[in-house]
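Novice: Sequence:
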Amino acid sequence: MLMKEYQMLNIHIQGVIMLHLKILIIFEIIILWGSFSFVQGIPGDKALIIGALKPPSFISIKEIPNNSASSFDNFTLKFTPEIPLIFSLASDPKNSVVFAAIMNGIYIFKNISILQNSVIELPTEYRGRSIAYGQIAFDFVSNNMYWCDSLLKWIAMKPAYSFKNTIYKVIIHKDLVLPEGLAVDPEDGLIFFSDNDHNARIEKAFLDGQNRVSIVYKGLSKVSSLTVDTANNKLYWADSSRLTLEGCNYDGSNRRVIRRLNDVLVSGLTYHQNTLHAVSSSTNLMFGVNTTSGYLLYSRKLPTLQPYAITVYDNEPPVTFNDPCSTLNCQHMCVNTKSGPKCLCSEGFDLNSDNKTCTDASIFYEKGFIVSNASMFVMHEIIANGQKVQDNIIKYIPGTIIESMALDSNLDIIYFVDGKSNSLKKYNIRSNQLITLISISASTDLIFDWIANLLGWIEPRRSSIRSFSVNSQITDTIYSSLQNPESLTMDPYTGELYWIVGAPEKSIVRGSWTRNAPKVLISAANLNSPRSLQYDVTSQRLYWLEHTFIKSSKTNGSDIKSHINTKGAKKIFAYKGYFVWINEDDLHFHIANTFQAEYTLPTLQNPRDAAVFDSSLQDDKRGTCHILNGGCEEICLSVENGRRCECDIGLKLQPDQSCDSDLFSSNFILVTDFSHGRILLIDLQNGTVVKLPLSVNKATGLAFDKSTMKLFFSDNSTKTITSTALHGRDTEVFYTPGFAYAASLDIDYSTGNLYYTAVGPTASQSYIGAVHRATAIHKTLLNNIGIPHDITLCSSKGYFFWTEIGNKAKIGRAIMDGTTPSYIATRGIEMPNGLTADCSASRLFWTDGFLNRIEFSDFNGENRHVLASDSDAFINDIVIQGMYLFYTAWNRQSITKIDKITGSTVQFMSDHPEFGRLDSLDVYADEIRDVSSNCSIKNGLCSTFCFPTPTGRTCGCQDNVNLQSDQVTCEGVVRCQTLQRNLNFTDCLPYPGQSCYVNCKTGFQLVINRTVSCGSDGQWIPSTDKICKGKESTSEARQSGMIYIYMNAVLSAVGAIVVSMVIVGFTCLMKRKINNTRKTAKTPSSNTRHDTTSTFESHGYISAEEEHYHTIDPVYDTMHDGYNEPRNPYLVVLE
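First residue of the sequence shown? That's 1 in our numbering, and the numbers climb one at a time after it.
Hints may contain errors.
Stated by the list, open to error - Listed next, with one range per pair, are the computed distances between beta-carbon atoms:
#, residue 1, residue 2, range
1, 322, 296, 37 to 43 Å
2, 262, 541, 43 to 49 Å
3, 660, 94, 52 to 58 Å
4, 905, 959, 43 to 49 Å
5, 821, 872, 32 to 38 Å
6, 562, 975, 46 to 52 Å
7, 1025, 843, 49 to 55 Å
8, 685, 538, 46 to 52 Å
9, 975, 863, 44 to 50 Å
10, 251, 540, 18 to 24 Å
It is worth saying that the hints were derived from the structure and are not from the lab.
Beta carbons are placed, not taken as given, at the ideal position from N, Cα and C, and that holds for glycine.
Throw the hints in and build the complete structure from the sequences for me.
Specialist: Right under this line is the structure:
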């Protein structure tokens, strides 16, 4: 029977080769034409080699271009059959070789001719990397190939011209999340790579992966491509999120932005002779940039090719390098590190004491998927998607029935439940030793906690969860009397256990090794027969099967997602960037978050369990950046012995690892950094920069209210306008423009109302509007215009101005109620990004991002002149302060200050390469406010909106509400009640936002403020009952005295004392109980455990709280303290 099972197993596994199935398997560099033989590179051969996607081909540009007059003559090498994705290229001109990362393989194209068209036939190949973006790099000294695998989260290498399938080495994996960019300097023995997690960074290390150090870690987003100038020890990179080309020294110093690439995402980058050559697959561009000046040397459109990767092929002059590895005679591979040559062994091998030869450390692979059936284990090696090219490892365990297993990947141990002997057993892979640990009842769902060194399992007959300490050899019961528990899993970093309970309706429950009361995370009402629950340490999520679909959630039960249809899986788990599951006798693999087809691998017959064998998953990451960001508030950097906290620009690290800084109280500029989702505060005196402690995503418009010190900013991702204090407190959504986002904001200091330009999906959904500050009601002022961009107000003159950047660029002017719109500039203007007004001089300034200049004119568009130019800057927003103008530019890493009369630049601040794209800005330096007295006093007697005009003011109402015949009152306007029993109002308009004086009526006396404000809900703030309190009259006092006399006459003296004591005692007792009740309600007990799952309503499935976007607390509500009078800073109360 055993021999028959082995024969069937061999036939089943050999089918991988015969059927050419795609699997997660091993790396291989392939030869494309026959046996491998080199043709010596032709001296003088040079070209740019571009990997194109449409059609899949190499484009060889035989003259490396250095300006727009270059010939760009090219030849095409097409692939057949077509393979759609060429991720990265590298070259070895001395051997006439080009390397290409295509789909999930790395290919060698030998005997390359750059001078002729040809068609390349791709034979069946082995594959060795995930189908995901990641650069390759060639070590031209020791002839090694390096590559990033962003799904398997590692960097690996192997001898480029060795075709032994098993010879490869993962050199970097610890603390990697999304490695993508890669470059090597073989002469200096250095490798550079990017990791694009939420704290994106660039690291360098020796070529063996040792001596890692982060060299750039602030102001990065997604570093997709790296390249090096080995002659001058310069590193260059493209950040496809910041849209920049940047560079620095090898140690990270002298960082600078070489060029910002507006709307151009670089997919490939290479360096050659002081030029960065780049391609963009999204824009079909190839271009070159001078590394010193940042000047664009050439740009070429490749409209039908979609270029994705690029490398330089240059064999002039032929260069020979002394390879230090050539005499070392390493058995597997050799690398030339910074400290000298060094032998390395392939995965699963140990270096012997001679430091040259290697010994196989185990019968199993270094990393793999282990599958078990009743009597054996099989291991499938993990490298990447590809074909099977070598045998899987099989271990037969005689005399057992393997029910469930758990792995200790660090010690090479398989723990399993033996159903035949009802025992827990331990199999040592290295020593091939099998021992029995303890006897147990029939058990399932074995788990291993590598932090606490605990084994856990479910005993179905006892409905219990039990544990076994590997260290103390003690068995314990964690939970008992559970309701049909199954599918146990755990988070080793928190000690929390998760399992499924119930029948037939099932829920997902959380407990702990310390026996915390089990809490339902996801109730049966939100599940549909879940099974195969698994916690993934990489994503820190729970995964399970519902019918045939893989689903997941956060560990608090929220954020439920549905992923992929497995079509009948028995067991699932997530592994790094993949979903893996067992279906019948096959392992299936699917790249998470993609629609690509799954890969299938035949495995054992009648499989019962499967698990990942990868020691990197069982690293103890406590105290590292992977657990709660290392306890760091902002930037967490991995170091050799843990982590180091850093702060963003201008912030200082505090003892508790938080980040803080003193904010300037005045004389500052506020500016949005769109690339990094932050708002920066810049000192006007010395240019010192501080990041505001705000949660921002994609901030566009910005306005700072100098009267209330409130900051308003818009976000085009959430389509909201938010108000906040500078320190981040009192943050709330002020208004939501709907389908549009607010591009620019400005404040009318006469009323406090907010004006904005709204950019919608279509021109008909774009408009200019105003929001009432106290009530957040809205009025559309202009619509059916182009694409409105910036807006500025001149309340004292009664005008607002705006720019349009649609098909026809324009600058417009209208009265502040939106009437009499006209265009004052329509010619000689291309991209009017910014606008500001000098109201005292009736002068309008604007920027032109295309023409890169600043112009000005009168308010009617006359007397127009160019004030200043800034070549290649792409000038954006502009603001005026006194005698100076300040502006942002997308191609500048600072704010520029110029004289508003002469246009000359004034030294203000230094460049900050970590800045992203600077957009909107505002300035606060004095108390001067541009106001219209027609609206600033009593809101112009208007009930709702007061709009300044050149001749006075007009009153207005929110959209779809009419103004009454008195021309000041809106229909249905909210009013505060003026008939009060205790006070009278003096000259009062009882509308939201208005402040009124009060006089107490006879018999009442003033207690607190003399003024009140009408709130948005029609209630006075503070309440009028609290302002004037009643005086006790003489008759009332006399009546009270008679009552006491009567009581004394009825009661005896002793009886009065007894009654009084009883009353007093009872009163004190009740007061004490009431106080205790209040105290209990307001202050939770210190013994109370706060848990998001402690009540049914907090299981993560209740309806989200309603977001009240269109109502706000009036600014006046929070402007009083104690007995200070509340004031509307925009309205002056008439005496």
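Novice: Could you run down the list of hints and mark each one as holding or not?
Specialist: Structure-based check of all given hints:
Taking 37 to 43 Å as the suggested C-beta distance range, the pair residue 322 and residue 296 conforms, at roughly 38 Å. Taking 43 to 49 Å as the suggested C-beta distance range, the pair residue 262 and residue 541 does not conform, at roughly 37 Å. Take residue 660 and residue 94: their Cβ atoms lie about 55 Å apart, and the range 52 to 58 Å holds. One distance hint, 43 to 49 Å for the beta-carbon pair residue 905 and residue 959, holds here, with the actual separation near 44 Å.
The hint said 32 to 38 Å for the Cβ distance between residue 821 and residue 872, and at roughly 34 Å that hint holds. Restraint check, residue 562 to residue 975: a C-beta distance of roughly 51 Å satisfies the suggested window 46 to 52 Å. Checked against the given bound of 49 to 55 Å, the beta carbons of residue 1025 and residue 843, roughly 52 Å apart, stay inside it. Checking the proposed 46 to 52 Å range against residue 685 and residue 538 shows it holds: the Cβ atoms sit about 48 Å from each other.
At about 48 Å, the beta-carbon gap between residue 975 and residue 863 stays in the expected band of 44 to 50 Å. A hinted range of 18 to 24 Å is violated for the C-beta pair residue 251 and residue 540, which are about 34 Å apart.
Hints 2 and 10, counting from the list given before, are not met by this structure.
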